[in-house]
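Colleague: The lines below spell out each chain.
2 protein chains.
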Amino acid sequence: MWADVYDVFGAGLSMEQWVTVIDETYDGRRSDVIAHVDRRAKTEFDAIFLGGGSAGRFGASVVRSLGGRALVIDRWPFLGGSCPHQACVPHHLFSEAARELDQARALAGRLWYPSFDPGASSILELVDLFRAKRSGPHAHMNWQSAEQLGIEYLLNAPAMVIDAHTVEAAGERYRTRNLVLGTGSRARRLGIEGEDLAGVFDYASLIEDLDYEPQRIVVIGGSKVAVEYGSFFRSMGCPTTIVSRSAVLSSGSPGRMDDDLRDYVVTGMRQRDLSILEDSTVQRIVGDTRVRGVDVVTPDGERHLEADFVLVGAGEVPNTESFDPALDLARDPLGWILVDEQMRTSLPGVYAVGDLVGPPMEMFKSRRSGATAARNIMGLETRLDVSDYPDFLHTTYEVSWAGLGERQARERLRSVVTIQVPPPELSPHETPLPMAEGSMIYGFTMPERTGFQKCVIDAESRRVVGIHHAGHGAKNAFSYLHHLMTRPEGFTIDELGNLNELYISPEYFIGYARLRSSQADLAGM
Amino acid sequence: MWADVYDVFGAGLSMEQWVTVIDETYDGRRSDVIAHVDRRAKTEFDAIFLGGGSAGRFGASVVRSLGGRALVIDRWPFLGGSCPHQACVPHHLFSEAARELDQARALAGRLWYPSFDPGASSILELVDLFRAKRSGPHAHMNWQSAEQLGIEYLLNAPAMVIDAHTVEAAGERYRTRNLVLGTGSRARRLGIEGEDLAGVFDYASLIEDLDYEPQRIVVIGGSKVAVEYGSFFRSMGCPTTIVSRSAVLSSGSPGRMDDDLRDYVVTGMRQRDLSILEDSTVQRIVGDTRVRGVDVVTPDGERHLEADFVLVGAGEVPNTESFDPALDLARDPLGWILVDEQMRTSLPGVYAVGDLVGPPMEMFKSRRSGATAARNIMGLETRLDVSDYPDFLHTTYEVSWAGLGERQARERLRSVVTIQVPPPELSPHETPLPMAEGSMIYGFTMPERTGFQKCVIDAESRRVVGIHHAGHGAKNAFSYLHHLMTRPEGFTIDELGNLNELYISPEYFIGYARLRSSQADLAGM
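Line by line, the protein sequences are chains W and R.
Take the first sequence: its position 150, counting from 1, is numbered 150 in our numbering, and each next residue is one higher.
Take the second sequence: its position 308, counting from 1, is numbered 308 in our numbering, and each next residue is one higher.
Note that these hints are calculated values from the structure, not bench results.
In this text the structure is predicted, and so the values were computed from the model without any measurement.
Accuracy of the hints is not assured; some may be wrong.
Pairs involving identical chains hold if they fit within one copy or between any two copies, as the list cannot separate such chains.
[As the list claims (entries may be wrong)] In silico DMTMM-like pairs for lysine to aspartate or glutamate, Cα to Cα no more than 20 Å straight-line:
no., residue 1, residue 2
1, Lys133, Glu381
2, Lys133, Glu430
3, Lys133, Asp211
4, Lys42, Glu208
5, Lys133, Asp117
Produce the entire structure from the sequences given, and follow the hints as far as they go.
Modeller: Structure below.
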């Protein structure tokens, strides 16, 4: 069927075997296509998923669950896409390191915490650890997709779309009833002088190419990626400046954060000596062969920032190379593939999913868009609305939010009350709240570090309309709280107060809602 | 109105002032009653709450929210009861210490983690830290109750019930339409030889009386308290043995844990050299003036365990002294006050709430029982059912569960499927899952430490019937998941798979449910 092929169908590779195959393929020791395809099957493909990231993998699983046949094709030797390879997984590892180092530094010399050695942490070492071990999660994706989900796939197989029903990969042409494009995105280039110098990275090339220890860092951007990586670099002990064209965390979903939450988060970054230049533009990156610094225009005039490492976190652009010549797809002004709520593009039988359709570049959207395309392909009309969703980021805290901030709620509603922890009347320094999992030791040593949270309530309908948290341990609840808030009937403070909290629940919303839930005229607290 | 009274009504005490008042009263430097009572009010009390723990405090807030008048009376100089003083709050601090020390020991010498100094951690130092700072949370309770909730209270005021409508406290008699008893519970004594020796503690006397560093510990009991404190002592470096009459975590709500979850948890404790003797009974505690050890009957014969510290965690008994002579209340065989679902005792106008009515001794029940009594008193018929609730404990992990374990589900249902992470086919040592907040670094260094989870589903109704987790960061979601599961219409795997997860969500249920949700015939994974 194929020339150079490693046929793994029915082979039941172990995790250990998968790690070996992935490592050897990724570093070039083997070049054959990895094929998990049922050669006996005569049925046509209901869908080919071009790109085996989360969107394609979830979509293929759903096609199969519904009795259809799907093929996933990816250029990498593993499924899962950029998330476990260069994006979300390393980011989460780095953010946990930021939290750990921040705590080790803050508590040094107290209790059992040893004195803090600022020379002990190494960005390069942590990147090396991730690179050395990332094929574990990769292997799990391949194993699970074959053994538990029965997904057919071709890996290490660069592909080219011929037409809406034909894909060429590994020297073969594959026909399909429907084509689902899920080729993802990559970091946007700034288009400024010096961008190609050694020492200029984006989140992907940082993982692939870093081979020295950064000493002085500039991060360009003001959104989640910039804030998260900036906080990580600073926590590792590296002098770091974030240069943002507007206020940090003011656009995209972070723009829906409550103002007090944003203040808490940004103040916390500055208190940790993370330098933040807002309303500032990088004019050029300066260096000879390697980066030596950046020239910035700030509201206070021009400045030169020395740097031996620059991270560009200025957004994303779609990966369209594998289908761009063949398919004439409608796009939005930024280049993202236009789709409707069924994930259908402008061409019949062609769907697009995941990062390729633009923001939000989040896992829930990627996975759900793949599943939505699959269900529509299999005849179950299904729509996906991603205009409202719970969101989060990491600094040295978990920061989670959903719905409206207090100001946004007051602009829309006649009567708004809030539950805020610590309460606005009290100084965070004398209030060890919200204290729970992950902030207990802070509560008894540095109360101002326990976090901040706010619940925003429409006093007329009694509905919870916004939830906001910085701290630890609360993030996971936000998926469920948001689900409850966005039901047609909403979720009232009275229903919230009737839940059974697992004390000490990291967000204090349930208990505090109960204290208020019997009030006819709701008051804040 | 009163003889020696510190009238704080309208005084608007700051947190700092509250800390001073509480500290001075608690250590005997001042003895006056702390009165936050509206002297101008002429209205009768709708309820007196005897005991200002969470049940009384929440109840009084609800009475006031509904336009009534309530008075809380407590012997301690603060509201909140035993939780912030001796029970849940120190336990959470100790459990976080256990998690931190376990990680510091496991990762010592890797990345930035220094070599581990087993002599650096001190049980006494951590108890001292808690004792020195616990009046902060106490002060917050007094402040919030006065300034935000408008609760009237008498503190540092031992009280005696005269009849169902009369309470005497601080030399005065108070009349009330209804009486709500919320005097809590204390540790049960074993009734064995040697129990009064110095060095024998329960969770409360540990906080009040510890004045030396334990060197060798025996914990008596097999339920949550025993497991939690045993894990803490062991993580602090102290050789520790748990002696349990039956299998640990086999009774009460922990008995509803999934078998695999329990195995994971208990195996993890043993791997950390926490010694566990099951089906074993302590015959006597041995010593002269101080404890020197315990004699135990095990399935393998009699053993003597050396110990200079014994913690008795053998359950609770109700505090009935302040009303026992006056009120002839029906009780259950263990002595707990019998109440119906409206929290009414056998005497008209007398309610009982909180720990006083018996298990579960959990915060949600305490708070909700107080609020339920209050609503019924104020004419809003309200019932509380605590037969099913989400639960958790700490070892060096967070362990959370709700609903049915797999075995229990298979006993009741015709067709059960499970989603398990890591999957049963794979070794935890090669599977860095479930990896998320709090387990990212483990994922890349010690995959077997990332945790364990299982979701149990009724394949016929497609409903989620059980959720089980050991790890980090998932606990907070269980309140909401349990709420969804126990709605009359239930919560199906399809609805679960439709939520917007905050990736990487510490429990993998949403994403994994999505991979399965389109299947007509559900399969496990």
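Colleague: Hint by hint, work out which the structure violates, then give me just those numbers in ascending order.
Modeller: Per hint list: 1, 4, 5 violated.
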